[in-house]
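One-letter residues, chain by chain:
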Amino acid sequence: MRLISCTAGALLSLALLLSGCSDEQVTTYRVPKEERPDLTATVPAATPASTSPGQPGMSGPAMTEMPGLAAQTSGFQAPQWSAPADWQAQPLGSMRKGSWTVSTGSGSAEISVLAFPGNVGGDLANINRWANQVGLGAMSPAQLDSERAAHTFTIASGEQGFYVHLDGPSGQSIAGAIITHGGASWFYKMMGDTATVQAQTPAFLEFVRSSRFPAQ
Amino acid sequence: MKSLYRFLSSLKLTVVLLAFSILLVFFGTLDQVHYGIHEAQRRYFESFLALWQYPSEWFGGLQLSWFKLPLPGGFTLGILLLVNLCCAHFRYFRLSWKRSGIAITHLGVVVLLVSGFLVSWLQEESQMWIDEGGQSNYAETHLDNELVFIDRSNPDYDEVVSIPQSLLRDGAHIELPQLGLSLNVVDFMLNAGLGTKMQNPNGPTPRADRGAAARMGLFAVEKAPDYSDKGINTTTAIIELEGAEGPLGTWLVSNVMDEHRFPPQTLEVGGRTYEVYLRFKRTYLPFSLELKKFTHDKYPGTDIPKNFASDVRILTPGESPQPALIYMNHPLRHGGFTFYQASFGKQDTASMLQVVRNPSWLVPYLAVTLVGIGMCIQFLIHLVRFTTRRSAQSRS
Chain L
248 MRLISCTAGA
258 LLSLALLLSG
268 CSDEQVTTYR
278 VPKEERPDLT
288 ATVPAATPAS
298 TSPGQPGMSG
308 PAMTEMPGLA
318 AQTSGFQAPQ
328 WSAPADWQAQ
338 PLGSMRKGSW
348 TVSTGSGSAE
358 ISVLAFPGNV
368 GGDLANINRW
378 ANQVGLGAMS
388 PAQLDSERAA
398 HTFTIASGEQ
408 GFYVHLDGPS
418 GQSIAGAIIT
428 HGGASWFYKM
438 MGDTATVQAQ
448 TPAFLEFVRS
458 SRFPAQ
Chain P
4 MKSLYRFLSS
14 LKLTVVLLAF
24 SILLVFFGTL
34 DQVHYGIHEA
44 QRRYFESFLA
54 LWQYPSEWFG
64 GLQLSWFKLP
74 LPGGFTLGIL
84 LLVNLCCAHF
94 RYFRLSWKRS
104 GIAITHLGVV
114 VLLVSGFLVS
124 WLQEESQMWI
134 DEGGQSNYAE
144 THLDNELVFI
154 DRSNPDYDEV
164 VSIPQSLLRD
174 GAHIELPQLG
184 LSLNVVDFML
194 NAGLGTKMQN
204 PNGPTPRADR
214 GAAARMGLFA
224 VEKAPDYSDK
234 GINTTTAIIE
244 LEGAEGPLGT
254 WLVSNVMDEH
264 RFPPQTLEVG
274 GRTYEVYLRF
284 KRTYLPFSLE
294 LKKFTHDKYP
304 GTDIPKNFAS
314 DVRILTPGES
324 PQPALIYMNH
334 PLRHGGFTFY
344 QASFGKQDTA
354 SMLQVVRNPS
364 WLVPYLAVTL
374 VGIGMCIQFL
384 IHLVRFTTRR
394 SAQSRS
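From first to last, the protein sequence lines are chains L and P. Start counting the first sequence at 248; every next residue gets the next number (our numbering). Start counting the second sequence at 4; every next residue gets the next number (our numbering).
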């Protein structure tokens, strides 16, 4: 009988342990410095991750695609546009509404069109992120205002946008444009070798201006 | 006490418990359709009491969906089976060499039941995404979240204060003396839809007056949780922060506003700057994995996958890199973690590894070995007795 009491006691303790251990606490810990992701450059061309067969445990959703944002941005209808014939179309995703690469004798560049709800932190933060990608320092609000005043344009469906051209010291450049439509920010970006980006800038701007958003 | 002992050691109780186990598996399997495998496992097999509800989409569901069937949960059945087996063993079993196999088999079953508890208690599953050429020192799970305040001011490390999702209930008050502030959870939504006033002028008034949501006019509307296997909930919270010198505003945090998509929301308190995220719960490892190459082979002329493999290097501070190949059914076991090849993405240039930490992973093997040895011994004893009797009969 004593053995039974001991067994019952041990099992009761086990039950209490199992229920008690689920109470989690606030913790503080240190981690090695992390490389900060770049906001617009790292948005993946969304290929849904496939689940490999024969593996134990849960199947993995494509965690590079965030569901709420993906659901919102997948509802943003891409505008009609005229992309140059020599741009090679690439796969798209819910946020990536347009994707091309272009190669010239002097190098290559990637063109992407991404849509996000709201202003995603503001124009200055996004332009400075682009500047950082090509090794340039941050732009001041006053510089951004003058860039905006100098490079504002109207696209085919009437929305206004502005563009910046950023030539980095490392031989990489970005030509980027931001257009606001229907509560979303549309980021048009061409990034690649400076010579290619410079050569393709007129075609890029022509492409951006040709955008015609559907009527709301 | 004697009657309780008789009840607990009753073989009828064994039959009833096994019958309830079958019912639990049956109804738990039915509810996987509604809750997905993880939630069904938690509700049915990692609980003391399970409730099955008549599905509204079944025949007569509108009239019968009020019906709820209570069932003993997996923990209850497991504990009772364990007690029942122990009591029955000591009540009916007299140890002799002829029954030694049965004793070992019983021990194996006891260890197997205990291993079930240990696995549900100790095992952690998460996922690690790595791009080719990249490396990662953490895994994260989309089944759980954490609210974190990150101080990046030190050049050598980042300091993280992590509040588990389980503490973020509506109306919860959390003191954070390490940050010099306190936190009130105004609203916690396991799943939510986010929208902006610009997009939806008729949407609810944004409640955050600080951070990215205030700048963007972002509001959150609670949605039903998504329990599907591929579904991920947009977990969102409205929190109020208060420092020693007064209120620090109302903030909207959401796992959809992650560092890959949005500029960080920053908070200044006590002369320090913190980034605030509600993010998928992370488990940091004492080492990093670097993905050298992900391979996705298909059968020639088809899109049918033949093999997935991740060629990785284990990078431990102060040690030379160790190469390893992770492929289907050949996980990497290192540092108490097991890495399975689970998924891939980005046009086959990124690999997802299932990361499992289970300190008790050897216990089920031990249990099955004990059961196997016990059954073999018992079979051999019976065989020897049978052949001895047979030869004695033939001699007579």
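Some hints could be false.
Using 30 Å as the maximum straight-line C-alpha spacing, the simulated DSSO-like pairs for lysine-lysine come out as follows [stated by the list, open to error]:
no., chain 1, residue 1, chain 2, residue 2
1, P, Lys226, P, Lys71
2, P, Lys301, P, Lys284
3, P, Lys295, P, Lys309
4, P, Lys284, P, Lys295
5, P, Lys284, L, Lys280
6, P, Lys296, L, Lys280
7, P, Lys296, P, Lys226
8, P, Lys296, P, Lys309
9, P, Lys295, L, Lys280
Calculated from the structure, these hints are not laboratory results.
For each hint, the structure was consulted:
1. Lys226/P to Lys71/P: 24 Å, holds
2. Lys301/P to Lys284/P: 34 Å, violated
3. Lys295/P to Lys309/P: Distance ~20 Å between Lys295/P and Lys309/P Cα, so the pair holds.
4. Lys284/P to Lys295/P: At roughly 26 Å apart (the allowed maximum being 30 Å), Lys295/P and Lys284/P satisfy the hint.
5. Lys284/P to Lys280/L: 18 Å, holds
6. Lys296/P to Lys280/L: The hint holds at about 24 Å.
7. Lys296/P to Lys226/P: 40 Å, violated
8. Lys296/P to Lys309/P: 17 Å, holds
9. Lys295/P to Lys280/L: 21 Å, holds
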